[in-house]
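Number of protein chains: 6
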Amino acid sequence: MATVRLWTDDDVAQDPAVKAVFDDIRRVRKSDFINNFWRALANDAATLKRTWESLKAIMGGEGALDPLTRELIYIAVSAANGCSYCIHSHTAAAKQKGMTEAQHMHLLAIVGMASETNNLVTAMQVPVDPEFLVGA
Amino acid sequence: MATVRLWTDDDVAQDPAVKAVFDDIRRVRKSDFINNFWRALANDAATLKRTWESLKAIMGGEGALDPLTRELIYIAVSAANGCSYCIHSHTAAAKQKGMTEAQHMHLLAIVGMASETNNLVTAMQVPVDPEFLVGA
Amino acid sequence: MATVRLWTDDDVAQDPAVKAVFDDIRRVRKSDFINNFWRALANDAATLKRTWESLKAIMGGEGALDPLTRELIYIAVSAANGCSYCIHSHTAAAKQKGMTEAQHMHLLAIVGMASETNNLVTAMQVPVDPEFLVGA
Amino acid sequence: MATVRLWTDDDVAQDPAVKAVFDDIRRVRKSDFINNFWRALANDAATLKRTWESLKAIMGGEGALDPLTRELIYIAVSAANGCSYCIHSHTAAAKQKGMTEAQHMHLLAIVGMASETNNLVTAMQVPVDPEFLVGA
Amino acid sequence: MATVRLWTDDDVAQDPAVKAVFDDIRRVRKSDFINNFWRALANDAATLKRTWESLKAIMGGEGALDPLTRELIYIAVSAANGCSYCIHSHTAAAKQKGMTEAQHMHLLAIVGMASETNNLVTAMQVPVDPEFLVGA
Amino acid sequence: MATVRLWTDDDVAQDPAVKAVFDDIRRVRKSDFINNFWRALANDAATLKRTWESLKAIMGGEGALDPLTRELIYIAVSAANGCSYCIHSHTAAAKQKGMTEAQHMHLLAIVGMASETNNLVTAMQVPVDPEFLVGA
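Same order as they appear, the protein sequences are chains X, H, B, V, F and C.
Quick note on the UniProt record's numbering: the first sequence kicks off at 1 and runs consecutively.
Quick note on the UniProt record's numbering: the second sequence kicks off at 1 and runs consecutively.
Quick note on the UniProt record's numbering: the third sequence kicks off at 1 and runs consecutively.
Quick note on the UniProt record's numbering: the fourth sequence kicks off at 1 and runs consecutively.
Quick note on the UniProt record's numbering: the fifth sequence kicks off at 1 and runs consecutively.
Quick note on the UniProt record's numbering: the sixth sequence kicks off at 1 and runs consecutively.
Careful, some of the hints might be misleading.
It does not matter which identical chain is meant; a pair holds if it fits inside one copy or across any two.
Pairs of lysine-lysine, DSS-like flavour, derived with a Cα cap of 27 Å [said to hold, decoys possible]:
1) K19 <-> K49
2) K30 <-> K19
3) K95 <-> K30
4) K49 <-> K95
Keep in mind the hints are simulated off the structure, nothing from the lab.
With the hints as extra help, turn the sequences into a complete structure.
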């Protein structure tokens, strides 16, 4: 259960600043469905707007990475950070953007492998090779 | 400074099991350079071999994701796990596989954004929408 | 479901060392309610006593930070560490100590922002400015 | 060493979008000093501007929490996330905003205590008490 | 709910590569029960086989550490990484290998204590003593 | 560089409460060497005393786990939490308590393996098997 109130559409209708963001989410996503993350953030109209604008720019706008790759990275970070909600929502988003089951399983294998070597390296305190520092 | 010994090429020459893995790394990577991670893992020939075989399969073999995308995911996980060495080594690997500066900066923006929303969601304990559970 | 037994008041009544701590919790908090954390720790009377004494000193005793600020910091750490139980219990405690909804939402915005910049900094491996090292 | 280039003031002078943000940082902070975080983010003018605008609003603007409390929370999250750079920069910021040594040490005690109970709770998988779910 | 399909024994029967691993798990563990982790990994026969072979070697084979100590370490890492499933499954495995309640509670005390000092050290950015670097 | 002052023996000599703890550390450890962690904690005599008393009881006193096993668990948690200082200091302590190189490498293999499966499980959101919940 959330530690903050999840705003219903009726709640949203009472607050123009929140409503403007919800309207934009529906417009951009071409869907009436608004997931709980935004209904929780609605308790703070400024953070709601800021977060949506950032997400729209980074995940939805023009960019050097294609939309599916962006979602794969989002899932990877969410898994490493242990955010159950985010894993669910971004796995759903990735599937919607065309992630195949084979891509999903390859992503998971990399996430597991990276976590293993991350912890091995940390536990052994391996010093960075000078070769990796050139030209950064 | 590492908590384990970093094997020199002379050390490696004394141990056939370790040497076989080092030879394979050099063959696959078409380079004489062996980075410190493997020189640290050399203290345990079984883990060295297992880790190299896994990495070769997941990062280098056939797969549903292209080589650059794999490295981007690896960097993302390493950043979320706070592994300085791994960030350096896989950023170098990604550049070698063609990562542009624009792609790098886009990756970083996603890593930052995901960590922000991961923590917002966790701090608010947002329940997973039933819509995200369909068909998993 | 817990991996250890949650002690009921009947269980506690059988063990004087555990009972002494539970009595003190009830006395200090002026409430009969004992939450599950302590019922789980009751399996180890020494850790139970040590943890309660530490918590009482750090969160409840005299100190340089006021009681509400302490709870805000506790929530922030619990969110960053991904402890669902702790987020719930300390959000409840913070509300009891007067946390307003506006303060709660401001706290969440900082937690999200800090996690974003933490990960950006880590992913870019930004070196500490000498200016930050002066006089530490 | 950073995995991205740290922009000098000469670099900044060549890029109006980056320069506008640096000018604003100097104006708001009433100081010529710009720390490395911004010099690293300068590689991506959009993320630079977005991050600065967010930080300015959350850490510097009007809000329900006072400026010092905000910095204490920022340090706590940065410690839990293991961001060395951020711990240094925000400890410096907190001192500038009046953090006493006693407040600093109290903060550290809470950060340590919270991490201990976070991990105890997680290791025991303690279920959330229904009492903590009321009225959220 | 999982983000991937959990394979039933009927599903497994259709796929010889997956079936071979499941058969080996049953043979080694001398039990018909296969837990959900393997049923999830079954979506990727290569990762399934690789993970099982690694686990069999590290947790079940000959080695410098006894089987119970291995499980205690596994629980400790799983707690620090916040993996609820892994805490449950490895606590069950440790009990099966003879972990007493007193050992379990001692383990938990260490996990809590280590997390506390880990975060204190990180928050204070304590430099490593030269004495700890000798002879590594 | 630390964010707090590291107390020299001359500083300690001025403060009886701190001196009493330092004297006890030297007495218990039968060594004049005091590592930086305690010199940093000296800034807060209450936290110094509390932390030392806890560590002495958990790591040094009677208990269900032998001294070396305790250190192995401490290293594992410190690696998962990414505490470089703690990995160094507890690897040194473990060696002093008889950890062989083979035990060290086995420990590292488990730490890596656990982190891999922890993240795989989390990324797949595998539900806990009812079998693991029996009798907890």
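Each hint tested on the structure:
Proximity of K19 and K49 under a CA criterion of 27 Å is satisfied in both settings, with 10 Å inside one chain copy and 26 Å between copies. For a Cα distance limit of 27 Å, the shortest separation of K30 from K19 inside one copy, 16 Å, qualifies, whereas the shortest one across copies, 37 Å, does not. Only within a single protomer do K95 and K30 lie at most 27 Å apart by alpha-carbon distance; the minimum there is 17 Å, versus 36 Å between protomers. In the homo-oligomer, the alpha carbons of K49 and K95 lie at most 27 Å apart both inside one protomer (26 Å) and across protomers (25 Å), since each shortest distance falls under that limit.
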